[in-house]
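Asker: Work out the full structure: start from the sequences and follow the hints.
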Amino acid sequence: MFWLLLCAIVAFAAVPADAQISSRYVVGCPSRCDKSMCPRLPADCPTGQTLDACHCCAVCASGEGEACGGSGKLGDPVCGEELECSISGGIAYTVTVRRRSKSGICVCKTTEAVCGSDGVSYRNICELKRVSRRAQKLQQPPVLFIQRGACGKAQDNPDSPRHKYNFIADVVEKIAPSVVHIELYRKMTYSKREVAVASGSGFVVSEDGQIVTNAHVVANKHRVKVELKSGASYDAKIKDVDEKSDIALIKIDAPTKLPVLLLGRSSDLRPGEFVVAIGSPFSLQNTVTTGIVSTTQRGGRELGLRNSDMDYIQTDAIINYGNSGGPLVNLDGEVIGINTLKVTAGISFAIPSDKIRQFLAESYDRQSRGMKAKKKYIVAHFYVHSHCVQSSESKELKTRLRDFPDITSGAYVMEVIAKTPAAIAGLKEHDVIISINGHRISTATDVSAAIKRDDTLKVVVRRGNEDAILTVVPIEIDP
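First residue of the sequence shown? That's 1 in the numbering used here, and the numbers climb one at a time after it.
In short, the hints are calculated from the structure, not lab data. Fair warning: there could be bad hints in the mix.
Said to hold, decoys possible - Here are the computed lysine-lysine pairs in the BS3-like style, where the Cα-Cα straight-line distance is at most 27 angstroms:
#1 Lys237 x Lys355
#2 Lys428 x Lys458
#3 Lys174 x Lys164
#4 Lys229 x Lys239
#5 Lys251 x Lys225
#6 Lys239 x Lys452
#7 Lys244 x Lys452
#8 Lys458 x Lys237
#9 Lys428 x Lys225
#10 Lys257 x Lys239
#11 Lys257 x Lys229
#12 Lys225 x Lys355
#13 Lys428 x Lys187
#14 Lys174 x Lys229
#15 Lys452 x Lys428
#16 Lys187 x Lys137
#17 Lys137 x Lys109
#18 Lys187 x Lys225
#19 Lys355 x Lys239
#20 Lys251 x Lys452
#21 Lys244 x Lys458
#22 Lys452 x Lys355
#23 Lys229 x Lys251
#24 Lys257 x Lys237
#25 Lys174 x Lys251
#26 Lys225 x Lys257
#27 Lys355 x Lys257
#28 Lys239 x Lys187
#29 Lys458 x Lys174
#30 Lys174 x Lys225
#31 Lys225 x Lys244
#32 Lys237 x Lys251
#33 Lys257 x Lys174
#34 Lys428 x Lys244
#35 Lys225 x Lys237
Answerer: Written as structure tokens, this is what we have:
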């Protein structure tokens, strides 16, 4: 008896350590898997195929509710895909059946309902796969597993990563109803028909319809139309404009109270904070981009705005043409800036909310005293180049416009409204203003400063490869 036991131990220990067979408790498993020695499968396996208890040969699988396990030997029934062998007493095995195990029943690993590509809800994934196998035998398309939970029923698992960590979506859901799309119109010279010439963004700051945006968005436009997230559109009145700060206040008369955005304190902002930008770039409404605060104080002079005393918020949240006037918000949903300038992808700038707060206070004071600030204008919409040679916008314009001049600085004219001082003087779209009254022009801000400073403007523009000198006389209007 001792000799037999010793031989059994030696024989068992003789199995190589690197053997490919993992089912060490199954009697009858070969030391190595030789698939050429596997028995031939039946022509049809009703519940599909799986590997045997030795993880070597393919065998017909036991289906849900069928027997599994048993003697602990090679040849015991093995549960199929998504099934496990449930032994009475609560012990469960998946594919490997341990030696001397009791017989069990194949049960589905999950009890969660699922939805199939046939639009049918199944009580679990095992039932779906069983139906799919039956369909394929009948030469029909397989039923695919496309959704956890019953068809048509949204899954709401508060413990899932999607619900725990989607804080950006929470911010957007909170602020989106208060963000507006702004369309700017002008009348055609001959037909008098109104056409949309530009677009921008803004956000509601009072329930009665007051909206903050950029001054350059609404300046010198024949008509301003505001569209809410709900799709409702209203004509807007320009209430106040501060061209130096590039902030404007407009108002719509909506029949109901509007959701508002509150201002945060940009002075409390820290580099590295998450921020969200929302607006209508290229008229694509409710476009959301995210990023961080790169720096909280980037001086306007660093951006080529020589007469600016503004300290901008720099962010890598992407903004484009049409984002101007939209809010930059923190994770509390508070506005900490107005999206204003883009240098290149990943380098954008916003006017701090503390400046907005100051503008609104001064605007309220002016309106309460019945004051209207007059301004001079030449009616031309300028595309701002805050950088010169390095500006990616210059490269983009050269790519799109074959005759765009090879210049290092200037203010690019995007549009000129008919019958205005600019149009009468001969200023044209795609001109680049180089100097005014002998002062070099690098940005649209330089143009605004010249308009305020002088009554008559000698404007030098680059048109193609030639320079032209124009005389423009600004006029005063009520904002």
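Asker: Work down the list of hints and note, for each, if the structure agrees.
Answerer: So, going through the hints one by one against the coordinates:
1. Lys237 x Lys355: 22 angstroms, holds
2. Lys428 x Lys458: 15 angstroms, holds
3. Lys174 x Lys164: 16 angstroms, holds
4. Lys229 x Lys239: 22 angstroms, holds
5. Lys251 x Lys225: The given pair, whose Cα atoms are some 10 angstroms apart, holds under the 27 angstroms limit.
6. Lys239 x Lys452: Holds - the C-alpha atoms of Lys452 and Lys239 are around 20 angstroms apart, at most 27 angstroms.
7. Lys244 x Lys452: Holds. Lys244 to Lys452 sits at ~10 angstroms (cutoff 27 angstroms).
8. Lys458 x Lys237: The hint is violated at about 32 angstroms.
9. Lys428 x Lys225: Cα-Cα ~25 angstroms, so holds.
10. Lys257 x Lys239: 19 angstroms, holds
11. Lys257 x Lys229: 14 angstroms, holds
12. Lys225 x Lys355: Cα-Cα ~25 angstroms, so holds.
13. Lys428 x Lys187: Within the cut-off at roughly 17 angstroms; holds.
14. Lys174 x Lys229: 12 angstroms, holds
15. Lys452 x Lys428: This hinted pair holds, its Cα atoms lying about 21 angstroms apart.
16. Lys187 x Lys137: 68 angstroms, violated
17. Lys137 x Lys109: 25 angstroms, holds
18. Lys187 x Lys225: 14 angstroms, holds
19. Lys355 x Lys239: Holds: Lys355 and Lys239 sit about 17 angstroms apart, inside 27 angstroms.
20. Lys251 x Lys452: Distance of about 26 angstroms is within 27 angstroms: holds.
21. Lys244 x Lys458: 22 angstroms, holds
22. Lys452 x Lys355: Roughly 21 angstroms separates the two Cα atoms, so the pair holds.
23. Lys229 x Lys251: 16 angstroms, holds
24. Lys257 x Lys237: 17 angstroms, holds
25. Lys174 x Lys251: With Cα atoms ~22 angstroms apart, Lys174 and Lys251 stay inside 27 angstroms; holds.
26. Lys225 x Lys257: 18 angstroms, holds
27. Lys355 x Lys257: Satisfied, since the Cα-Cα distance of roughly 26 angstroms is no more than 27 angstroms.
28. Lys239 x Lys187: The hint holds at about 22 angstroms.
29. Lys458 x Lys174: Distance ~49 angstroms between Lys458 and Lys174 Cα, so the pair is violated.
30. Lys174 x Lys225: 24 angstroms, holds
31. Lys225 x Lys244: Distance of about 24 angstroms is within 27 angstroms: holds.
32. Lys237 x Lys251: 5 angstroms, holds
33. Lys257 x Lys174: Given that 27 angstroms is the threshold and the Cα spacing comes to 16 angstroms, the pair holds.
34. Lys428 x Lys244: 25 angstroms, holds
35. Lys225 x Lys237: Holds, at about 9 angstroms.
Consistency note: the structure conflicts with the earlier hints numbered 8, 16 and 29.
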